[in-house]
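Asks: For the protein sequence lines, the chains are P and C, in the order given.
Quick note: to get our numbering, add 992 to the position in the first sequence (first position is 1).
Quick note: to get our numbering, add 622 to the position in the second sequence (first position is 1).
Do not take every clue at face value.
[What the hints assert, rightly or not] Calculated pairs, DSS-like style, for lysine-lysine (alpha carbon to alpha carbon, straight line, at most 25 angstroms): (1) C:Lys-718 to P:Lys-996; (2) P:Lys-1363 to P:Lys-996; (3) P:Lys-1154 to P:Lys-1017; (4) P:Lys-1382 to C:Lys-768; (5) P:Lys-1382 to P:Lys-1025; (6) P:Lys-1185 to P:Lys-1154.
Quick caveat, the hints were computed from the structure, so don't treat them as lab data.
Chain residues, written in single-letter form:
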Amino acid sequence: MSAKGFPAAAREALADAQLRRNLGKATSTIRAKRAAMVEEVPDWEALRDAGAAIKARAMATLPEQLERLEASVTRAGGQVHWARDAAECNAIVGGIAREHAAREVIKVKSLTTDEIGLNDALAGQGVEAIETDLAELINQLSHDTSSHILVPAIHRNRVEIKRLFEQTIARGQDLGWEATAIAEAARGHLREKFLSVPVAISGANFGVAETGTICVVESEGNGRMCITLPRVLITVMGIEKVLAEWRDLEVFLQLLPRSSTGERMNPYTSLWTGVRAGDGPQEFHLVLLDNGRTDVLGDEVGREALHCIRCSACLNSCPVYSRTGGHAYESVYPGPIGAILTPQLRGLQNAPTLPWASSLCGACYEVCPVKIDIPSILIHLRGRIVREHKSRLSPEALAMEAVGRVFASQRRYERAQKLARLGRGPIANAALPGWSAMRDLPEVPAQTFREWWHSRTPGPIRGDGPAP
Amino acid sequence: MVTLLERLGCEVDFPEAQTCCGQMHVNTGYQERGLALAQRFERVFADAEVVVSPSASCVAYLRENGTGLDGRLTELTEFLVDRLGVEDVGATFPHKVTLHPTCHSVRLMGIGDRPRRLLERVRGIDLVELGDAAVCCGFGGTFAVKNADTSMAMLSDKLRDVLNSGAEVCTAADNSCLLHIGGALRRQRAGVRVMHLAEILAAT
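Model the full assembly from the supplied sequences, consistent with the hints where possible.
Replies: See the structure below:
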């Protein structure tokens, strides 16, 4: 993964006018849909509280829930594997595919498998992974990466997709400009794969410990094809996706679709429990993936990020994401949730600019269906990076220290105010080039507030607090 | 704000030892220094009956960090509407005005429509709607410097909405957003100025 850092990557993305247009349109449409769907639920706030509480309980009892899940899945005829990191997980999945002599595997849209780079790892083992989610397919065909949790090709418009298909899966055809005709090309391509490829790979939205049931929600139905038609099904699930009880689903199946696509219910909710003779895949593997998650649990503030149900409401609501798009975050988890999840999963030193990729406006927290306090976690992670990974002698640290010393003393503060009157203009503008590219600094008034206050309240200085 | 509060019958004091609440430090990752400033704030204002601040952002931050003087710290519009029970402050301001509600006023403080209610009672005012009003202007403290390009993209959209509103004055209950929006309006020679809500409410 390249690491330009957010400011530089965002700078590039912001220069792309087509991207800005595509994103602005898509995010504002989905924001409005979500708002309307949430508005009509009278107990939305109670549902959010319930979602947060269920996740907090599952995380607090994680070892127990995972063992229950393993027992339930095994009882239902599935096989459970444990993967510490990406390499272990990719080896397990590749091993199963090769056991069945699969040259191709079909995939349900899954962020977790993107996180571990499964497709590339499989290619290295001679197995081609075929994405079946329309947007993931678009990205795969154009050798592009996802820029949104839910709508991975949100940065593409219809014209770009038509041209892509005409150069790949519909070579030599003229698909016209109708969205349905363009989508039909993908449908024809994928149907053939659904019927012929023997192994499918999915992620999981939820895994229920009580019953051993895996749940995937989707819009297109291509996921449903993958989990029902092939002989072998492999699910890669991050360990934080476990729910204790079956009844917990009731809360999340209300929260998730309204928050993500702005629908009362998503078109396809697939639930499966182990294997059943003569019906669907005859072999089911569940791979439970850690890949940094237990480290995140060690941070009492930051671990709330593991409650995320990947709805993407925070992306669509974020004024930063809706302008830069997802690639600027240089991670499969973009937007506000990515800014707190990626640094924690990868190690703070490996994504040190992401916690600052926010103006702390609070729009993400307001829409989060499980009430993850993203702004507070951002501030917490900023503090950790400053304390654990930044030099005390960096220009920023020195400037913050100097300003802090000024603020700590009335005498220094008042002297600085007087100096500001003399020193602003060229000096201040040179000191703040980012600011001064577009904004003037305010004019320093001829009289400061303190001077005005003195001029109207003769006599000794009143109300002075204790000396610091 | 002093003029406004005195007109409404309050006795106003200004402890001159006050400096900064430390929000910039905390939000940039320098918690130790920032929280020391927040505690300094509490010491400086320890004897006040009520502390009124014209910045929702600072108030929200101080409360969140447990340095809100046990409920004696209030934001200006909260103080006027809830403590004094006043919506008509007796102001006259015959100008076309649009209100930027500010992220921290709305989402952190939850001051709701108090600024709007106060403005609506100002004589002569022509209050016009701001498009996408609740969207951040892109300031975010040091965000505007550390992520200057992204901040500018956000600010451009806010300026477009301010100019489209046709207002001659853009107001808010927070100076930091106004510093940001106002700085760009001045640079563009846009012919629109920014004024803190208190300045409008003090006008007669």
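Asks: It remains to establish, for every hint, whether it holds in the given structure.
Replies: Tested hints:
At most 25 angstroms may separate the alpha-carbon atoms for a hinted pair to count; C:Lys-718 and P:Lys-996 exceed this at roughly 45 angstroms. Between P:Lys-1363 and P:Lys-996, the direct Cα distance comes to roughly 31 angstroms. Violation of the 25 angstroms bound is thereby established for this hinted pair. Between the alpha carbons of P:Lys-1154 and P:Lys-1017 the distance comes to roughly 19 angstroms, so the proposed pair stays at or under 25 angstroms and holds. For the proposed pair P:Lys-1382 and C:Lys-768, the alpha carbon gap of about 15 angstroms is at most 25 angstroms, so the pair holds.
Between P:Lys-1382 and P:Lys-1025 the alpha-carbon distance is near 42 angstroms, which puts this suggested pair outside the 25 angstroms criterion. The straight-line distance between the Cα atoms of P:Lys-1185 and P:Lys-1154 is roughly 21 angstroms, inside the 25 angstroms bound, and the hint therefore holds.
Consistency note: the structure conflicts with the earlier hints numbered 1, 2, 5.
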